[in-house]
Every structure is written in C-alpha cells, then in structure tokens.
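Kindly produce the complete structure, drawing on both the sequences and the hints.
Chain residues, written in single-letter form:
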Amino acid sequence: MAFKIVASQCTQCGACEFECPSDAIEFKGEKYVIDPNKCTECEGVFELQQCASVCPVPKTCVPA
Amino acid sequence: MSAPIISLESLTNTTSSGQLLTTAKSGGCASSSCGSSSRPTDMDSATWEKIKDHPCFSEAAHHYFARMHVAVAPACNIQCNYCNRKYDCANESRPGVVSEKLTPDQALRKVIAVANEVPQLSVLGIAGPGDACYDWKKTRATFGRVAREIPDIKLCISTNGLALPEHVDELAELNISHVTITINMVDPAVGEKIYPWIFYGHRRYTGMEAAKILHERQMLGLEMLSKRGILTKINSVMIPGVNDQHLIEVNKWVKERGAFLHNVMPLISDPAHGTWFGQTGQRGPNALELKALQDRLEGGAKLMRHCRQCRADAVGLLGTDRGQEFTLDQIPFEPGYNSGKRHAYREVVARIRDDHLAAKNQAITTLASVSVRGSLHVAVATKGGGRINEHFGHAKEFQVYEASQTGIKFVGHRKVEPYCRGGWGEEATLGGIIAALEGIDIVLCAKIGDCPQKQLMEAGIRATEAFGYDYIETAISALYAAEYGLDLSKATA
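Order-wise, the sequence lines are chains F and W. Just so we're aligned: the first sequence equals residues 1 to 64 in this note's numbering. Just so we're aligned: the second sequence equals residues 1001 to 1493 in this note's numbering.
Incorrect hints may have been included.
[Unchecked claim] Each pair of labels, with its calculated beta carbon distance range:
1) Glu1256(W) to Glu47(F): 32 to 42 Å
2) Val62(F) to Ser1375(W): 52 to 62 Å
3) Val33(F) to Arg1296(W): 46 to 56 Å
4) Lys1409(W) to Asp35(F): 55 to 65 Å
5) Gly1229(W) to Asp23(F): 51 to 61 Å
6) Val62(F) to Glu1173(W): 53 to 63 Å
[Claimed, not checked] Restricting the straight-line Cα-Cα distance to at most 20 Å, the calculated cross-link-like pairs of lysine to any residue (SDA-like) are:
7) Lys1193(W) to Pro1104(W)
8) Lys1409(W) to Lys1454(W)
9) Lys59(F) to Gly1274(W)
10) Lys1086(W) to Gln9(F)
11) Lys1212(W) to Trp1197(W)
12) Lys1086(W) to Asn37(F)
13) Lys1454(W) to Phe1467(W)
14) Lys4(F) to Gln1405(W)
15) Lys31(F) to Arg1148(W)
[Stated by the list, open to error] Stretches of chain W that chain F covers, calculated by requiring three or more beta carbons in the stretch to come under 8 Å of a beta carbon on chain F:
16) 1076-1082
17) 1126-1138
18) 1409-1418
It is worth saying that the hints were derived from the structure and are not from the lab. Using N, Cα and C, we set each Cβ at its ideal position, and we do this for glycine too.
What follows is the structure, encoded as structure tokens:
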C-alpha cells in the first residue's frame, strides 16, 4: 500500500512533498522518494492520492 | 538638446563603487535638489513613484532599470497547454525556462552578487517555473531574507491566481508592491481549451469546472490586490482561434477590477518545446496580428508593449539577459552587499531622466508643429538609457516606435539574430532581419556598414547612423519633421 516516484520522469518541482498528508515524501540525494512505511495512499484522509493528483507529469507518481 | 556628459555606460562598466560615486557626483547638481520629474503627464505622482524604477510596469523605466528573477518556487497548481514542465534548456529564452532552481538561501546569495555587479538592478521577481503563491513558503522565505539585506529592492511576483486570495494579506505585509496575474480568459468555456486541469482544495479538477474555479479565484485575487493598493499587471497569452478575440472581453473585466496594466503576449508554440499546443499544431500570432489586437485594446486597461517574455531566471535590462553570468558556480559563497554602485547609478539616472524628459517634450512640440499629417515607423537599436547607442550588427532586437503629429508611441520590439557574429556580417542573417523589420520605414542605429545599409535600402528600409547617441525621441522628431516638410529652424526656436 504505497506509491512511488519514477525518478527519470520527475521534474523535481516538489509539489508532492508539501501536499503529502503523511510526510512520506523527501528529497534524498538527487531525487524525491516516497517512504513506503509512511505512505498510506491517503486512505481515510483524501479521496485520491495527493502526490499523483498534483504531479504535472503523467505516469510519474504511481502505485509501487 | 544637450545632455549631461556622464554616460550611463561609463557607470555600468565601472567596477569600483568608489570610482562610480565620484563619477556620479561630478555632474553638478545633486539628485535631491533636481528631483526626478520625468513623470508622464497622464499619471498621478503616487503611482509614478511606484513604477518609475520598475522596468516591467513602466516603459519609461525599462530604459534605465533592470530586473532579476529567482527560480525558487517550482511547484505549480495548474497545468497550462502552453507549458511543458519537463522542458529545461539553457539556449531557450522564454517564460518558464530556467537553468537552475534555487533554495531561498542560494537565491539570497545570487541577488546580492547581482546587486553588487549590476547597478541598474531595481526589482526582484519570482516568476516561475511554478507558481509563487502556491509554493508560498519558499517565496516568503526568499523575500524575507532579501528584504533584510537590500531594503530598497522592489519585490514582485507572478502568479496564475489560483492560490492568490489566501496570500494577499501576507503579500501586503512583505511589501510586495507589484503582482502579475496571468489571466487568459473570463469565460470558462474558453478556459477549458487552455487549462487541462487545476489542483485546488486537495483535489484535481478538469474541464469547465476547473476553468470556472480558476476564473473566480483570479477575479477575487485581483479585486483584493486593488483594494490594498498593490499594483497589478495582467499577462494574457494570445492564442489565435482560442482566446484572441476573447481578450477584448478580458481587458474590460480586468480594467473594471482595477488592473494597472494589461500585457498581451504572443503564444510560443514550437513543437520542439513539447507543449500540448506545440504538439497539436496550435500556432502563435505574428507581430502584426499581435499589434492589431493591442491597437484594438487601446482605450481599455493600459497596455504594456515592451514585454520581452523573458526567462524565469533572467538578469539585467529587458532585452539583454545576463543570467548566464550569475550561475551559482560563478558567484562568491558569501558575498557581502555593497550598495555603492546602485546608489550612485540612481543619482545619475535621476538627473539624466530630467534631461531626457526635456528632450521628449521638445520632440513632441516639433511633431505638433508639422502641418502635413503622416506617420512614420521607426526601428531603433539601443543598449538602454533612452538613446540610439547600439550598432546595427550587434542588435538582438529593435525597438519600434510610431511617430505621428500627436506624438511618439512605443509599439513593441522585433527580435532578430545579430547580424555580426565574430566581426563579419552574414547574408542569411540579414535576410532574417529584413523580414523581421516588415513595415518599418527607417532604422536608427549607432553604426552600420555600407553593405547592410544598401541591402536594407533595396528592401525599402532606410537605415542611418546620423543620429547615433541622440535620444530616441529627438531623432524621431527630426526625421518626422524632415519627412513631412517642416522648417526645422521654426520648431527649435
């Protein structure tokens, strides 16, 4: 039950980081990564995953 | 018309600020006693104070003052069909493009380095990529830090307006005096063709619903800014067949809500940029179509015609981007701010502007005294300071003026590939320049070779270096008078 970011597609705008209600997204090394232990897929908080909803590049923030 | 002998170029080239101040003070009167009165006649003095040093909000200021953008807020809450978030190129010069994204601390470092080196610097903007109001924490941190170090720098932001209303109070607290909102429609049915989606209230909206929310937030934000006396500029992207006719309606709406300026920009839609419009073959308008629309908008909200659609990390005077000189690897790690150069420059500009205004007024008198009605389209090569001071072969753009009996109007600019690269002229380039100068009667420059002059003449365009280093208006009025048969001795008496 987690999402992941396809690093090669990511523009590193960081919108997902501050929209994530679980504080699961971090800029690590040279890329944004989702911590699978913290990611809840926004269940119970929002109808749809915030990271995927705000991401400007299609198919970049996807189910892991 | 005689001008003070201190040239702006000598000021901007000087490296030591002590030396600069000496030069500045050697010119006679101090700026405080002369004042800076070169205010257009159709503007109150409070508004003039706000815009006189802002190159984007004032056509008069753009000859003297420079802006810089820092790309600190890359996150965006909407998708536009003219934007591709993956595109990133050092050779492209257009909105949204940036070669390095900065943290607020890196931005502070860069602003100080530029302020120390570019005395014309008066404005710091956050203009993409991304939205300055949506990525608000980074915008706020950057402005807070810079304002502490350089209190007199003007702060401005560019936004799509969606997240604007909730930050208007803080914008006012941070002393952000100028805001640009991109508004391409007031009818959601038009908006639907421009915006595939928005992210608002923790969810993504598409279609009419998205455009309707965006429209309502834009209007609310604009009204809130107007109420607080923050000057607003509205940027509209002109998209032929999508919103070109509709922009007349947009102009009315924004004027009613207190917009100070309306800037209609041509869509850039090269397929290589990978934007939706680029990939689907949506074309942008040409220079004459843009001018025709701008002319139809005269009488509505005041129009901006000197926009260069600069990069999101541009540095310097409009039209001369020096961003590549100030990448992080080229600037000191801890530059201390030295206000000397900027202050000295301002003192001199205050004096020169009075002289420039006198020259402009003289030019208007000359035009009014011409008995035959006519108009003249003039393209000018300039490096700034309001003078004809650029060589034909070095010009990256020509500023276009239209002279008639009623005055001299700035109507826009035409970008070109410089004719001289490495010291010789290239034939193919000259062909491109001639095409770009369509409709121009006369080209004014500081210097031009016989060969390009002859070829321009064959294309029906006169070019002369006879007015080199004169004020632009002085030269144009003299040309106009000569063209329409006035006895010059009467006009200058």
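To see whether the hints hold, each was checked on the structure:
1. Glu1256(W) to Glu47(F): 32 to 42 Å: Taking Cβ atoms as reference, Glu1256(W) and Glu47(F) lie about 37 Å apart, which means the hint holds.
2. Val62(F) to Ser1375(W): 52 to 62 Å: holds (60 Å)
3. Val33(F) to Arg1296(W): 46 to 56 Å: holds (52 Å)
4. Lys1409(W) to Asp35(F): 55 to 65 Å: With a Cβ separation near 59 Å, Lys1409(W) and Asp35(F) satisfy 55 to 65 Å, so the hint holds.
5. Gly1229(W) to Asp23(F): 51 to 61 Å: violated (39 Å)
6. Val62(F) to Glu1173(W): 53 to 63 Å: violated (40 Å)
7. Lys1193(W) to Pro1104(W): violated (35 Å)
8. Lys1409(W) to Lys1454(W): violated (28 Å)
9. Lys59(F) to Gly1274(W): With Cα atoms ~16 Å apart, Lys59(F) and Gly1274(W) stay inside 20 Å; holds.
10. Lys1086(W) to Gln9(F): holds (8 Å)
11. Lys1212(W) to Trp1197(W): The given pair, whose Cα atoms are some 11 Å apart, holds under the 20 Å limit.
12. Lys1086(W) to Asn37(F): violated (29 Å)
13. Lys1454(W) to Phe1467(W): OK: Lys1454(W) and Phe1467(W) at ~18 Å, within 20 Å.
14. Lys4(F) to Gln1405(W): violated (66 Å)
15. Lys31(F) to Arg1148(W): violated (32 Å)
16. 1076-1082: holds (count 3)
17. 1126-1138: holds (count 5)
18. 1409-1418: violated (count 0)
In summary, the numbered hints that this structure violates are 5, 6, 7, 8, 12, 14, 15 and 18.
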